[in-house]
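Q: Line order of the protein sequences matches chains G and V.
What the first sequence shows, in UniProt numbering, is residues 1 to 176, in sequence order.
What the second sequence shows, in UniProt numbering, is residues 1 to 176, in sequence order.
Only part of the chain G face toward chain V is listed, based on derived beta-carbon distances under 7 Å: (1) Leu91; (2) Ser94; (3) Arg95; (4) Val100.
Calculated Cβ distances over 12 Å to all of chain G for the following chain V residues: (5) Arg2; (6) Leu26; (7) His60; (8) Arg132; (9) Ala165.
Please keep in mind that the hints were generated in silico from the structure rather than gathered at the bench.
Cβ coordinates follow ideal geometry from the N, Cα and C atoms, glycine included.
Residue-level listing of the chains:
Number of protein chains: 2
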Amino acid sequence: MRVLGVDPGLTRCGVGVVEGAAGRPLTMRGVGVVRTPADAELGSRLVAIEAGIEHWLDEHRPEVLAVERVFSQHNVRTVMGTAQASAVAMLCASRRGIPVALHTPSEVKAAVTGSGRADKAQVGAMVTRLLRLDAPPKPADAADALALAICHIWRAPAQNRLQQAQALHARKGRTA
Amino acid sequence: MRVLGVDPGLTRCGVGVVEGAAGRPLTMRGVGVVRTPADAELGSRLVAIEAGIEHWLDEHRPEVLAVERVFSQHNVRTVMGTAQASAVAMLCASRRGIPVALHTPSEVKAAVTGSGRADKAQVGAMVTRLLRLDAPPKPADAADALALAICHIWRAPAQNRLQQAQALHARKGRTA
Chain G
1 MRVLGVDPGL TRCGVGVVEG AAGRPLTMRG VGVVRTPADA ELGSRLVAIE
51 AGIEHWLDEH RPEVLAVERV FSQHNVRTVM GTAQASAVAM LCASRRGIPV
101 ALHTPSEVKA AVTGSGRADK AQVGAMVTRL LRLDAPPKPA DAADALALAI
151 CHIWRAPAQN RLQQAQALHA RKGRTA
Chain V
1 MRVLGVDPGL TRCGVGVVEG AAGRPLTMRG VGVVRTPADA ELGSRLVAIE
51 AGIEHWLDEH RPEVLAVERV FSQHNVRTVM GTAQASAVAM LCASRRGIPV
101 ALHTPSEVKA AVTGSGRADK AQVGAMVTRL LRLDAPPKPA DAADALALAI
151 CHIWRAPAQN RLQQAQALHA RKGRTA
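Start from the sequences, fold in the hints, and give me the full structure.
A: See the structure below:
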């Protein structure tokens, strides 16, 4: 499974591509940051993010886009920009028929470090180890995007089983 | 000046086109709502909103898109969807080179009713009167979109003068 992780933001949108499967070694296929100037107009920043995400989708052809689930209670000052950047990323993927998966920050931290309350340094260290990199990816947004992709690869089997069970339950309910 | 007003939302995105100039009678060119099913996946809802906004841009060729400025402190439960829907609308306009203007809810209310704290019914009544309609546009999101467009038409001259004054001041600062 090849996953494009996106850590959304208007100023820095982290992107990272990881390939692998649960229980198998992971491989990093690419990592980077889509940046837009803080003094540009909001509309043109969104257009630049769209172009950046399109480029990563063209280049890496991921099967899934994993995005951070944004909560309105976190970081009230930046949350609007985060929601807007994530909307653009989800739009780009959905337009191509690529499924979008959302993971909360604590799910991501728990997946790669074992603790939902791990700090940025710990996440960066584990991403470096799991992907056998020479150094933690910089900036932190890029490392977070890789962590999101890893989280999705590891959680997807469990999520799929849950969805199948729910679908089965719904079918049973209808035929009962 | 022809303005497409957008009252952003995932479930109901109000859209309204108004033509006119400050101090001249206003004309409604169209009003409606882009709806997406609440049980659909977020990505496909954003794709549907994009298609809806594109349709309104194709149909009415507005010179400006006026969108409600979203605040994270208002309505915490729905604010994320509002931010995401508004991002898609701004993206669609900016991609075509159409300028995007943001107005706060209280600016819009003050523009059409004289009070920044007017309620929905008062806004609907004034929109009906200003556009010489037979009845208030339904749902309220559609009326709000028209109010946004009216607000922009009336505020734009003042905003332009302010921007020109700021630009002049900046130029003077550089040459001083």
